[in-house]
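Starting from the given sequences, assemble the full structure and let the hints guide the process.
Protein chains in written order, with this note's numbering: chain A, 1 to 214; chain B, 1001 to 1214; chain C, 2001 to 2214.
Rather than coming from a laboratory, the hints here were simulated on the basis of the structure. Hints are all accurate, no fakes.
If you want a taste of the chain C side facing chain A, the calculated C-beta under 10 angstroms gives, among others:
(1) G2029
(2) A2032
(3) E2035
(4) D2058
(5) V2059
(6) P2066
(7) N2071
All residues carry an ideal CB built from backbone N, CA and C; glycine is no exception.
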Amino acid sequence: MMNSLQPLQFSTLLLLDLAGTFVFALSGGATAIRERLDLFGVLVLSFAAGNAGGITRDVLIGAIPPVAIQNWLYVAISILAGLVMFFWFQLYRRLRDRILVLDAAGLGLFAVAGAQKALVAGLNPVAAALLGMVTGIGGGMVRDLLVTQVPIVLRSELYAVAALAGSSTVVIGNILHLPPPYSAAIGALLCFAIRMFAIRRNWNLPIADASNQE
Amino acid sequence: MMNSLQPLQFSTLLLLDLAGTFVFALSGGATAIRERLDLFGVLVLSFAAGNAGGITRDVLIGAIPPVAIQNWLYVAISILAGLVMFFWFQLYRRLRDRILVLDAAGLGLFAVAGAQKALVAGLNPVAAALLGMVTGIGGGMVRDLLVTQVPIVLRSELYAVAALAGSSTVVIGNILHLPPPYSAAIGALLCFAIRMFAIRRNWNLPIADASNQE
Amino acid sequence: MMNSLQPLQFSTLLLLDLAGTFVFALSGGATAIRERLDLFGVLVLSFAAGNAGGITRDVLIGAIPPVAIQNWLYVAISILAGLVMFFWFQLYRRLRDRILVLDAAGLGLFAVAGAQKALVAGLNPVAAALLGMVTGIGGGMVRDLLVTQVPIVLRSELYAVAALAGSSTVVIGNILHLPPPYSAAIGALLCFAIRMFAIRRNWNLPIADASNQE
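The following block contains the structure:
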């Protein structure tokens, strides 16, 4: 867990991770407010959106207790994001486009960090790439399910594919023995780029035609 | 798990825990019947409402298999509650107000016991307080999600705050080196009191105004 | 995990497990297509329907990482099923009745294999029987919850009872010291038979009358 990252990379990696958590938590808070949840509901959705992906990954690789539970900074930053949403929801609305850019950056960070953590835990390349993706998309899925909406990531948007591209880059880099920081940087950038292109050009994945398909 | 509580406190603690499970399981069965689930659905919701909070806590702290799985008494008491609901649903309706009192007592017990178990597992104070709360509210959340309702605890009622007050009391008592039974008793009573006041006075947490907030 | 099955039973057991995963994954893909999810959503629901039961069991017994994550064949077979659904959904519709037979066979396999794995992990008989059932029905439950439907298994159909009969047979066989392959075969057949009868005769579990029950 966190300890294994200390002391050298402590400041940078943890800060990046917390920044990603904060941005994701904002989206959780926004969803909660739109659904008219009370203050506690806002904080729970903030925490879930920011941390459920990482918690799922940690449970599946046996990193218990999950870092988001064990390190109180993740709880604190999620609560902060929830309170920001609760008191300045209009601000969020006005900045939504810029926050979407931050969200894409957070997705890249989470996908890459998740894949690396899975590799360190000894998982095989396929599993590591998938768990990196889960780290990136899990929070949004739990956020949506808590307000009984079909997760947006299952329905539209090139979101999971971007995360998978980022996490796969880390895994491929590991197979090719590239220095981890390099493949992490390339993976995060690739994820970010795909996500931004998808937003700009309104790219979507195909949907099967259930009615009159041959 | 259970073993660590034996032999001294076995009877009292386990009985209290099973009593709490039974009361929570009643609420699960009631929800299932209102949603017109079949007998199996009633039993599943009874088990989920009574045990999902504790199972979540155990998975997150690495107490595997969770005590609710390993000790068959939890399954048995949950099934009993489900059958009671299935055959005497009208009785439950008539006694609903009195059962709400029992539910508040169960919440206090679960929050306090959950926080203590997390502390024993070596979690930090913030995490232990949160996991105590999760132990108390998790069952109701899973119960609601299984019938695709937004968990009531996210929407209204001073329920989670009461649980958090109870679990935090245990954690603070631990920091101050108070004897665990004392802080547990105070925490459970505090949770119960807050919950009963909230019901009597219809206290709720605030909701953000998403439409015209500045 | 997988290793413990090798080398003797590797081919047969793994092939049966993968076949069950494939059939369950088909049902996940079909649900996703009916709900108009995109290609990624189809693959996620295929994977969830095929593997969520086994993953839940593995997390609860501490078999980490879950075999469905660790062995990439489970991912591959699930994706294959999702793609089959995506491109030949009409074929699935035409063969639905025959696939229901395969689904009943898969249920028997999963329930029996899940109970055996739980017994090997040292769980008590009640827990092992329940976890066998969870292995069989968990995938379908998560599939339904991901598209915010109340799990069909909670509402109607003699599905869970069939799984429980199969897993209980394995557990009873273990208590009676019968050779595992025999009780497994009997259990799987029993589950299959109950399920097929239930489909043919339209058997259902009772529903409590919430309105005018005395």
